[in-house]
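This is what each chain is made of:
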Amino acid sequence: MATSISKEEVAHVADLAKLSFSDQELEHFTGQLQEIVAMCEKMAEVDTTNVEPTFSVTPNVNHLREDVADNWHEKKALLAQAPDEAADLIKVPAILNGEDEA
Amino acid sequence: MTFNYFDKTLADLNADLKAGKITAEELTKETLANIQATDEDLQAFVRMHEDEALAKARAVDEKGDFSNPLAGIPMAIKDNIATNGLETTGASHILSGFKPVYDATVTTKLNDAGAVIVGKANMDEFAMGGSTETSYYKKTKNAWDHTKVPGGSSGGSAAAVAAGQVPYALGSDTGGSIRQPAAFNGLVGMKPTYGRVSRFGLFAMASSLDQIGPLTRTVKDNALVLNAISGFDKKDSTSVELEVPDFAEKIGQDIKGMKIAVPEEYFQEGISDEVATQVKAAIVQLEAMGATVDKVSLPHTQYGVAAYYILMSSEASSNLQRYDGIRYGFRAPDAKSLEEVYKNTRTEGFGDEVKRRIMLGTFSLSAGAYDAFFKKAAQIRTLIIGDFNKVFADYDLIVGPTTPTQPYGIGEEIGDPKTMYLGDVLTIPVNLAGLPGLSINAGFNGGMPVGMQLIGKPFDEATLYQVAYAFEQVNHFYDQHPVVEGK
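Protein chains in written order, with my numbering: chain A, 1 to 102; chain B, 1001 to 1487.
Worth flagging that the hints you see were computed from the coordinates, not collected in a lab.
Don't take each hint at face value.
Covered by chain A, according to a simulated footprint, are these stretches of chain B (three or more residues, beta-carbon under 8 Å) [said to hold, decoys possible]:
hint : region
1    : 1089–1102
2    : 1234–1246
3    : 1297–1306
4    : 1329–1337
5    : 1342–1352
6    : 1367–1377
7    : 1380–1393
Backbone N, C-alpha and C define an ideal beta-carbon position, used for all residues, glycine too.
Excised from the complex, chain A in its bound form (with noise of 0.2 Å):
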């Protein structure tokens, strides 16, 4: 199981990730990830099957608690944080491409 990446499959994900590339750094990107996918790769030597996969070893099932609403009163302060703020709410650029401002 070679899984070689192709450059094309490297602008896709960065697509998925939110992130642009130039052309020289998306040919840099492609070859250290190869190498990181190769070195990874050492996994298929290793036998699973019938391995059950762990995402996380907390003992923990779930921590219920009462459904209680708690304002933290904290609306000033959090949107002192946003970059661009207007009439007490977070400022974006034109969400809708193409069409006139409603």
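Following the hints, position chain B against chain A.
What follows is chain B alone, placed relative to chain A:
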């Protein structure tokens, strides 16, 4: 040089404060002056919180209650642990200017104990790195040799303690980020059992692996700090509802009859002769103190790095989706659409190592790669846990080196991610299995420290401190300290 912490333990400082030999305010002023004089060279801190530290110290003096062993004593906190109203960035550009609106649970616990947080310690960006060179802000130096890296990702925390700037610091450890810099700086560094310390307010990297823990010069100091930060927290559903013991309770007890396992895989290829020699000599000392030492095997060790880098990157790529330029931190100024806000902010805001891990994680979780990478890595994690369980059925603890090599030069490995990743081979399995791991100075080679790692059963940190203390007391390596020049 004005003042340092080379010759005082937390107990000494506490006694001085109780006796009125020094006030918390005086101690804090001395500490801040010394950091100002020494940090231009060392670069351990990304930012200082001088006013808040002095205010806290005065408040502790006014109260006059030094019953808590940390009361009135200055410390440093890693830049990925939230402090209410005080800039916390994870050493990333994408969080420049970010002031959390809440305290991490460990911050609250420190504040309640009367601890004086003097500033934020430098680190690899979002804790991704092993040399503190991926910080957006500065490059921290090794306290023992300024041409060498301090390790990472908690490199600022380690350098600050090793250079005597503060008596202790908090770090975080996902694959070795407390233990490796502790080893590189001759300190005691503890990664507690997963679930021992609340992760609430720790900037998440890989949530199933991350733990906060202390870096100190001595074993006793380390246990005292862990006492203060441990415990169940309803804000972290993975923290464990277990009573917190006094982690210092076994300190001073002899280690006769202690059953120590030494994995043969921990001394195989890639381990430098200097490290192997020093750690083997340390193990002989433990045997001389009455411990029984046997060779064992942890056969899946060699697959740990691969499994870790897949799991960690996958969790990190998901955790770091939150940094999108909308709600806090940096937003790319030129973005014209929402899509551009996301893409430009992340592209300009993250450094290369963070991007590399986001890419690897996104790839591992993608439809075509999930089974061969993400699921496979999680299955190998199960096998690694099984290896440890087998050994712990017969032994009290596992001992080996913390790192394959001693500290390397600044700039030497940063261009080669794969080599850097392999440096974590001995610490990673401990995180994958959620076990407690402690690094202690095993002595010096060529003037630089070598770390020995003690790995314990889940929630048995007290035994690690017991053995580490016994070793520390026959060697007193902490009496040696680096030469620190002030300006």
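Status of the hints after comparison with the structure:
1. Given as covered by chain A, the region 1089–1102 of chain B passes the check, having 4 residues with a CB less than 8 Å from a CB of that chain where 3 are the minimum.
2. Beta-carbon proximity to chain A at under 8 Å applies to 5 residues in the region 1234–1246 of chain B; the threshold of 3 is reached and the given coverage holds.
3. Counting residues of the region 1297–1306 of chain B whose beta carbon lies closer than 8 Å to any beta carbon of chain A gives 5, which reaches the threshold of three, so the coverage claim holds.
4. Residue count for the region 1329–1337 of chain B with a Cβ under 8 Å from a Cβ of chain A: 6. That meets the three needed, and the coverage hint holds.
5. For the region 1342–1352 of chain B, the stated coverage by chain A holds: 6 residues have a C-beta nearer than 8 Å to a C-beta of that chain, and at least 3 were required.
6. Residues of the region 1367–1377 of chain B with a Cβ under 8 Å from some Cβ of chain A number 6, which satisfies the need for three, so the listed coverage holds.
7. Given a C-beta distance limit of less than 8 Å, the hint that chain A covers the region 1380–1393 of chain B holds, as 5 residues qualify and 3 suffice.
Consistency note: the structure conflicts with none of the earlier hints.
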